[in-house]
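Go by the hints and put chain R onto chain Z.
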Amino acid sequence: MHDETFFTGGVFHESIEGGRSGAQIELGHDRVQAVTGDGERFFVQYSECQVDIGGYNDRMVFCRNEDRSLTIFCEDRKYPAALAYAAGGLLDEQLQERRQKLKSQNRRGHGMVLGVLVGAVVLIVGAYYGIQAAGVAAVKAVPVSVDEQIGQYSYESMDPGGAELHDEVVVAAIHEMVDRLAPHAALPDLKFEVHIIQASQINAFCLPGGVIVVYTGLIEAAEQPEQVAGVLAHEMAHATQRHGLQRISQSLGIAAAANLLIGDVEGILVLGSELFQLASINSYSRGQEGDADAEGVRMMHAAALDPLSMAQFFEIMKEQAGNLPAQLTWISTHPDHDARIISIREQMGTLPPQDYQTLDLDWEDVQSRIEKKADE
Amino acid sequence: MESEIRNRPAFANIRITLDPGDEVVAEADAMASMSASITMTTRWSGGVLRGIAKRIFGGESMFVNVFKAEEQSELVLTQPFPGDMECIDLKGTTMYLQPGAFIACDPGVKLGLGWAGIKMGIAREGLFRLKVSGEGRVWFGAYGGIFTREIEEEYIVDSGHLVAYEPSIGVRIGMAGGVISSLMSGEGLVTRVTGPGRIYMQSRSFGGLAAWTNAHLY
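So the protein lines, in turn, are chains Z and R.
Take 1 as the starting number for the first sequence in my numbering and just add one per residue.
Take 1 as the starting number for the second sequence in my numbering and just add one per residue.
Only chain Z is shown next, with the shape it has when bound in the complex (with noise of 0.2 Å):
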């Protein structure tokens, strides 16, 4: 029973002035009427009206007289079961087609807003891995001579935390090693150049172009020569690979790498720098990381160096990481080392029979060299 007659609506009609105002509405017998708050009435028979639903909320029911110069509106939501009731059904297949209608646009609506949701998530994901990729392929057309550049200003530019130690044996030592891995490496114009930094923290690291610091605290905790050439492997690979620069497009957008293809070289020099000063200096992605270790084990092999030598330095990082958490600097930047060590000797497996060589060097002398300077 819908015996409700008096609903908060409004009408439409161009004798009211602005064409609408607020109305109560009233349901009678034969139709429906409005009546404004200056008194005026307004009717449409209810043989005669023409419904429509929809409105902001798409519940709002609409009565138009024949000539639609006439519109009465209700929002109540019981107004449509009391429009019906009053109607004595002969409104009730108008109202239901409109609810047909109405919700098959609800349907699309819906589809529409669901669409567009996922086609927003595809779109970050794809413009995150497209800025990746652009990244990657712009630093692949940008000459060499950028990386070195980036690597001067920023190493010329940087505390690294200790003075460099120019100890012959030493410096001679690390040469060694370099000058056995660097015939090998991706990149074969790279000049590599390499500074000794006296600290006890057990850190190396790679900047753009081949500007390699090792620090002597990571030269004193190797037990074997092989050692630290699996870490510099490590880190001149983050060289041959451009991870620098890939990093420095990555973090300035593809508005960078474009200016790099287009010639603007100096801003990026000095941006890039910046970004290098003001983050960790190994802070390299998860990615990159992975990709370092293998090639930097493909360089241990090339070179006759065994390759697992890396992985023991991993472990020797591992068995000291509870004596010396804080002076571990290279592990602390270079996360996960018992899946790497995994990784690195699953990586062995598949590489072709090698006779490894061991380097010529007086490791025990070298280790005393740094002592004995520590000391002075």
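Just so you know, the hints here were simulated from the structure itself, not pulled from any lab data.
Warning: the hint list may mix true and false statements.
[As the list claims (entries may be wrong)] Listed next, with one range per pair, are the computed distances between beta-carbon atoms:
#1 V121(Z) with L49(R): 28 to 38 Å
#2 T5(Z) with E152(R): 27 to 37 Å
#3 R204(R) with A339(Z): 52 to 62 Å
#4 V66(R) with V122(Z): 46 to 56 Å
#5 F63(R) with V121(Z): 31 to 41 Å
#6 G287(Z) with G207(R): 57 to 67 Å
#7 D19(R) with E93(Z): 54 to 64 Å
[To be verified] Here are the computed lysine to any residue pairs in the SDA-like style, where the Cα-Cα straight-line distance is at most 25 Å:
#8 K91(R) with L123(Z)
#9 K119(R) with E220(Z)
#10 K68(R) with G145(R)
#11 K119(R) with K372(Z)
#12 K119(R) with G109(Z)
#13 K131(R) with V25(R)
#14 K119(R) with G174(R)
#15 K110(R) with S69(Z)
#16 K372(Z) with E220(Z)
#17 K110(R) with Y155(R)
#18 K103(Z) with V25(R)
#19 K131(R) with M31(R)
#20 K140(Z) with V113(Z)
#21 K119(R) with L123(Z)
#22 K110(R) with E74(R)
#23 K91(R) with E220(Z)
#24 K103(Z) with Y155(R)
[Stated by the list, open to error] Far from chain R, by Cβ distances over 10 Å, these chain Z residues were calculated:
#25 E66
#26 T71
#27 R345
#28 D360
No residue lacks a Cβ here, since even glycine has one placed at the ideal position from N, Cα and C.
Relative to the frame of chain Z, chain R by itself:
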């Protein structure tokens, strides 16, 4: 109380001449100048929670200022961006305003905040809209010129251009054309409005300005 919108359309402002006892409710910071005899009081816009909600979701201030005239006086109201203003007279009717559009109203107008829906969020029209209803005048502003249209059948408005609309207006989001042409034309998503009812549109959009500025930063 008489009102006049001056310096239209680019730098429109509202000059209201108040008779003794007249009151105007205005968005915080909308006052540009006023007679010294006018008393101004500040209150929460619809209560504490509603005021906060309007600030966060409606793009409006948490507070409204009520200007009351003790004698014949003048009040000038403005908006922070260049563009036209419009005055509508509510007669027991309701109007939805896009976030940031509201400037002032008569004391008899009720200000509320309504959920506009996800569809409006996607169309970049804002998830919430201001609902003004009751009896009295409402002044609102837009970026650029304001143009109005009585809607009967379906009509398309680009996103960011809809300023105000009646509750009888149905709003759906859609594409300007096919998928490819919508993307390539730069029109993207549009709002498809259906009548009966009236809509107010602005001739510029903030999104368009932001995109244009962004494109010229480099």
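Verification of the supplied hints:
1. V121(Z) with L49(R): 28 to 38 Å: holds (33 Å)
2. T5(Z) with E152(R): 27 to 37 Å: holds (29 Å)
3. R204(R) with A339(Z): 52 to 62 Å: Since the Cβ atoms of R204(R) and A339(Z) sit about 55 Å apart, the hinted range of 52 to 62 Å holds.
4. V66(R) with V122(Z): 46 to 56 Å: holds (50 Å)
5. F63(R) with V121(Z): 31 to 41 Å: Holds, since F63(R) and V121(Z) (Cβ atoms, about 39 Å apart) stay within the stated range.
6. G287(Z) with G207(R): 57 to 67 Å: violated (36 Å)
7. D19(R) with E93(Z): 54 to 64 Å: holds (55 Å)
8. K91(R) with L123(Z): violated (46 Å)
9. K119(R) with E220(Z): With Cα atoms ~64 Å apart, K119(R) and E220(Z) exceed 25 Å; violated.
10. K68(R) with G145(R): violated (30 Å)
11. K119(R) with K372(Z): Violated, at about 73 Å.
12. K119(R) with G109(Z): holds (9 Å)
13. K131(R) with V25(R): holds (15 Å)
14. K119(R) with G174(R): holds (10 Å)
15. K110(R) with S69(Z): violated (29 Å)
16. K372(Z) with E220(Z): holds (12 Å)
17. K110(R) with Y155(R): violated (29 Å)
18. K103(Z) with V25(R): violated (41 Å)
19. K131(R) with M31(R): holds (22 Å)
20. K140(Z) with V113(Z): Distance of about 40 Å is beyond 25 Å: violated.
21. K119(R) with L123(Z): Between K119(R) and L123(Z) the Cα gap is close to 19 Å, so the pair holds against 25 Å.
22. K110(R) with E74(R): Holds - the C-alpha atoms of E74(R) and K110(R) are around 24 Å apart, at most 25 Å.
23. K91(R) with E220(Z): Cα-Cα ~87 Å, so violated.
24. K103(Z) with Y155(R): holds (20 Å)
25. E66: holds (15 Å)
26. T71: violated (5 Å)
27. R345: holds (48 Å)
28. D360: holds (55 Å)
Hints 6, 8, 9, 10, 11, 15, 17, 18, 20, 23 and 26 from the list above are not met by this structure, while the remaining hints are.
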